[in-house]
Structures are given as structure tokens and as C-alpha cells.
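Protein chains: 2
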Amino acid sequence: MSIRIGIIGYGNLGKGVEIAVNAAPDMELAAVFTRRDPASLVIKTPGVPVVAASEIETWKDRIDVMILCGGSATDLPVQTPQYAALFNVVDSFDTHARIPEHYENVDRAAREGGKIGVISCGWDPGMFSLARAYANAILPDGRDYTFWGKGVSQGHSDAIRRVKGVKNARQYTIPVDSALEAVRNGELPELTTRQKHIRECFVVLEEGADAAAVEKEIREMPNYFADYDTIVHFISEEELLRDHSSLPHGGIVFRSGSTGVNKEHKHIIEYSLKLDSNPEFTTSVLAACARAAFRMYQEGQSGCRTMLDIPPAYLSEKSGEELRAHLL
Amino acid sequence: MSIRIGIIGYGNLGKGVEIAVNAAPDMELAAVFTRRDPASLVIKTPGVPVVAASEIETWKDRIDVMILCGGSATDLPVQTPQYAALFNVVDSFDTHARIPEHYENVDRAAREGGKIGVISCGWDPGMFSLARAYANAILPDGRDYTFWGKGVSQGHSDAIRRVKGVKNARQYTIPVDSALEAVRNGELPELTTRQKHIRECFVVLEEGADAAAVEKEIREMPNYFADYDTIVHFISEEELLRDHSSLPHGGIVFRSGSTGVNKEHKHIIEYSLKLDSNPEFTTSVLAACARAAFRMYQEGQSGCRTMLDIPPAYLSEKSGEELRAHLL
Chain A
121 MSIRIGIIGY
131 GNLGKGVEIA
141 VNAAPDMELA
151 AVFTRRDPAS
161 LVIKTPGVPV
171 VAASEIETWK
181 DRIDVMILCG
191 GSATDLPVQT
201 PQYAALFNVV
211 DSFDTHARIP
221 EHYENVDRAA
231 REGGKIGVIS
241 CGWDPGMFSL
251 ARAYANAILP
261 DGRDYTFWGK
271 GVSQGHSDAI
281 RRVKGVKNAR
291 QYTIPVDSAL
301 EAVRNGELPE
311 LTTRQKHIRE
321 CFVVLEEGAD
331 AAAVEKEIRE
341 MPNYFADYDT
351 IVHFISEEEL
361 LRDHSSLPHG
371 GIVFRSGSTG
381 VNKEHKHIIE
391 YSLKLDSNPE
401 FTTSVLAACA
411 RAAFRMYQEG
421 QSGCRTMLDI
431 PPAYLSEKSG
441 EELRAHLL
Chain B
121 MSIRIGIIGY
131 GNLGKGVEIA
141 VNAAPDMELA
151 AVFTRRDPAS
161 LVIKTPGVPV
171 VAASEIETWK
181 DRIDVMILCG
191 GSATDLPVQT
201 PQYAALFNVV
211 DSFDTHARIP
221 EHYENVDRAA
231 REGGKIGVIS
241 CGWDPGMFSL
251 ARAYANAILP
261 DGRDYTFWGK
271 GVSQGHSDAI
281 RRVKGVKNAR
291 QYTIPVDSAL
301 EAVRNGELPE
311 LTTRQKHIRE
321 CFVVLEEGAD
331 AAAVEKEIRE
341 MPNYFADYDT
351 IVHFISEEEL
361 LRDHSSLPHG
371 GIVFRSGSTG
381 VNKEHKHIIE
391 YSLKLDSNPE
401 FTTSVLAACA
411 RAAFRMYQEG
421 QSGCRTMLDI
431 PPAYLSEKSG
441 EELRAHLL
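Chains as they are written, first to last, in our numbering: chain A, 121 to 448; chain B, 121 to 448.
Because the hints were derived from the structure by calculation, they are not lab data.
Keep in mind that a hint or two might mislead.
Identical copies go unnamed one by one, so any copy, or any two together, can satisfy a pair.
[Said to hold, decoys possible] 25 Å max Cα-Cα, derived SDA-like pairs, lysine to any residue:
1. K164 to P260
2. K270 to M121
3. K284 to L360
4. K383 to E301
5. K316 to N305
6. K270 to V286
7. K316 to T165
8. K270 to L300
9. K383 to V162
10. K316 to F345
Chain A on its own, in the form it takes in the complex:
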């Protein structure tokens, strides 16, 4: 029997979950829920209903795990606790500072409903969190470094688009090579924000806009660009759409630690991702976490979980015997 998956929200994440669920041998897409007019939405999987969000409750017995594909700013803080009372749920909540609060809210709702809620699945938080947690447990004496990119930051691209005179923009976050090199050499460098990442911006101006003024405003924007070396390129909208319309991302988590009676042995653990599609990789993680949520629920567990709480084998469609024989 397949695990019946529901998707709430059909943006980049929802579409990615659809692909991941269809690629999984043990899952089937049961329905897509939307706040838009269901009749206006055409999904890729034939025969799967698109349902109004207002009818979600009536699907209580027809969905094993609901994957929430809304945003972390306003959707998930409300939706995940709300639906965790009714369904096993999985989300990609990624506002790091608010995870403890989100965890408590989802935990309460999921316990009351006797369901499992897995939050903050994806790559950061998610796979990068796992890399950090494992490496810290193994090398207690050491230092963590996380680099992002090369990849598109949608938040920074949006920030540029809000600048007066900007028609469209794409921003790439790029790790600084010399910083990576120093970390890989076990030098345990102290790195400022500027020393870790470069920000490269491709900007399309509106007609008659003042390029120098736009560039200055971008470079000096607090939080987003002021603390970085920022490169601004002005290009045509045609070039932007042709060369910069995909959403690659990735990054590297390092732990540089030491062991030995006199801490004389250095060890470097490096976990790296190079992703052509940020949303499709994220949703591949969400689908694997949905499988784990279903297994924990079947065991009678309830409450909130993160990937740090999930036995790795639960994410795999393979049996324990297969994993031990072929992957261990």
C-alpha cells in the first residue's frame, strides 16, 4: 500500500513535491490543496484532484501525510500547527531563529491530534543541520563553518527588485575561495561576513533609470549588501531571462576539529551540495521526511520532530536488511 500524500500550496515547492512523490516507488499523490480557485489550477499529474483549501478537513481519512508548501514568513507558522492536529505533516520552515517557537506550537497540536509533525526539512535547515549535528557529536573540540552558494538567493533578488528604477534582478551568493581554502587547510580562520561570501547581482533597469544611483543603493543596503563585497552587472531583460532564470544553489558545511592527547591530530569533515534546482532538492528531502513521518505515526508516536530526531533508515524506502547489505 502506497503512502498517500497531500500537497498544500502549488508554487515552486508544491510542484517539486509532486515530482518527488511521483518518483518514489512507495508514494502516491492523493490531492493538491490550494487557496486559489481549484478550477484555475492545472497540475502535472493526471487524475489527481485539485481541492479548495477550505475542504481540507474532509480529507482526513484519505491522506497519510500532508506536505505543506507555503512560505516561512506567514504561511507555515499558522498552517503547520493548524494541520498537525488533523494530519501527519511535513514542512520546510526555515526561519532559524523562530524554530524553537514553531517546534513548540507544532508539538502541542500534533500531540493533541495523535499525529506526527516534521518541521524544517530541506537542506538548511535540514541536511546541513544533520551535517553540523553529526560532526559536532564526533568532534566536540572543533569549529563549524557554513558557506552558501554558488546560488540564487531569492530574498536578496527580491530586495534588489524593491529598489527604485529596477525592473528585474537576480542575486548570486558566492563563497570566497580563499576562505574555503583556509578552512580546508585546518587553519581555523576567524572570518568576517565580507570574508565568507561575495554577492553578485544581475540587474535590469527600468527605462531612464539612473544606473549609478541604483548601484549605490544596492551596495549600501543594510543587512542585505552593506557588509559584503557586492558586484553589480546591468543586463537586458532578455539576457536575464535567458541566462539567469534557473534556481541553482548549494553550499558547504565544514567542521574542523582535533583529537589526541595533546589535540595533535586535525580532522576536516566537509559536506557539500551542488544543486541545479534549489526547490526540487528541498522537496526531495520533504518527500523522504514524509515517509519517515508515516513510519513514526504507524509506530504510535506523536508530536513534533526535526530531521535530528529521525533514524536515517526511516527516510529510505529500502528495508533494514537491504540497507545493511548494500549501503552500510
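Keeping the supplied structure of chain A fixed, place chain B upon it in accordance with the hints.
Below, chain B alone, put in the same frame as chain A:
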């Protein structure tokens, strides 16, 4: 209350566990058990008893987790099931092909004794198994690559030492750069044994030995060297001891996979270790697994586990709240 750790066997692994346990804030070394004359063994930790292996049973109530530091060829297949009936145990059993059988033996004994046995902890099997299992669960459509080195292979060094005319030897396993490059580029190469690794040997000859004959015998040795490009250097014993007495190792696990409606998006996951001391890194993993074993035991669980069955948070001395606030 600290987790009371016992060590069985005091070779490279036993010494490494001692260091790791002393570095852990929540563990204490309770005793070291040896098949040698206990009086002949001086350990590094003051005040900790060295006890004859024959007296292990009398320590049943004074040890929370026993870490087995014997070899995979003959020690662990016997010892781990034997002691799993009496203690929570952790081992580094690394004969991949025999893991399923070892698992069954330890599982039976541990269930009967109401204890936890965690087997095959270390980096391969261990951290590399985790890297493979996570990456396979996330990217079901893809391909795995495991490279070892640059590092000392003790099995290959021993094989060279058995050649007539060889006094001493050290063998380094080295990944082939062009193969790493092809995998990193997402080319999904088919790689032969020879295309993946080079074997570099540093050999000290006995007086009067025939260098050409020794080199030929090494190069043509089946299983160990015949399928590889092998480099043989003859050096003095002084040079060997000066330049080649440490035990560095490491390696890289890749998964190269794709997602998308038409599999149009490539993703590369890379997990890499660069270790100054193979035994000390392995034993750092063993210590973290001992912590997890104790937690599972405290929950009332019993039976055999591998790292694939352990929630990552159980390996850390930090609480769930701390992990969520700082590492997630």
C-alpha cells in the same frame, strides 16, 4: 551522572576510545579490559583499573556501555555477541560482506540480555554509510561513488610486509584526480578499479634483497595490487619511521542524481573526510555511538542497531532544545 564506559582491548582503537571518552563531558572511563597480563599494561588515565578479560562478568553493574576494540577478522565476530548478552556494546566491525550475519548474531544476544548492541560504527562503515543512505533516500534516481584516501591502508601495508625480502612497508591509497573531477562534474562516469585509486608503496628492503623481484611481486599481487596502478618507492627504515609513521586516512562519498519532470536538474552531494588519525576519528565515532546506545537502553530498547537506526540527536551530548536552537 556520567555514562560509565568500559574498553575491551588496548591497541590503537582502545587508546583512541580512552582519549575520546576523556574528552566527552558526559562520560567517564570505568575500566580497561585486556587479554594480556593486566600488570603489564599502563594506560594514560590515572586511577582507572586495568582488568583481566576473564573478570569482565563481575563488572556487569559497574559499566553502562562496553566499547569493543578488537579486530573484525577474528575478535569481534565472537566478542560482540558474547558481551552483548551482558552489556550494552559498541563495535567497529568493518567486514562489509559479513555485516548481515554479525547483525543477526548480536541482535539475538542483545535481545536475550535486554541490552543494546551498536555495530559497525566508524567512518566506513559508519559516517560513509550515513552519507550513502541519506543521499539515496533523497535522490532515488542517481549513482553512488565512494573513494578512499589519501590514506594508509593497513591491510595493504601488511600484505607488502609478507613479501620475501621486505623488512617494513607503508601503503597509501590515493583517489585518482580525474575520476573525482568527472564525478563532481555530474558526468556519471563508469569507473574501473584502476581508474578510481592509485596505490603508492614505501618499502624498506632487507639486506641483500632483490629490489626488482620485490617490486614485481608487489605489482602483480592479486586482489591487493594487480588491478591498480601501483607506485613502489624503496626507502630506508629511518625514512619510513620519520615520514610515514602516522595513520592518516579519509575519503569521499558522492551521490550524483537528478530530479525534474524530464530529469533535467542535476544534483551532487559530496561528503568528505580528511583525517590525521584514522583510529582516533573512528574511536570518536565509537564514543558518540556509546552515548546513543546508553540512551536507547534507558528507553527500554534492546537488540542490534547500526548508525542507520540511530536518531542523530542521540549521538550528541546536547539536549534537543540546544540542538534546535543552535545547530538546526
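Legend entry - Hints not upheld, ascending by number: 2 and 7
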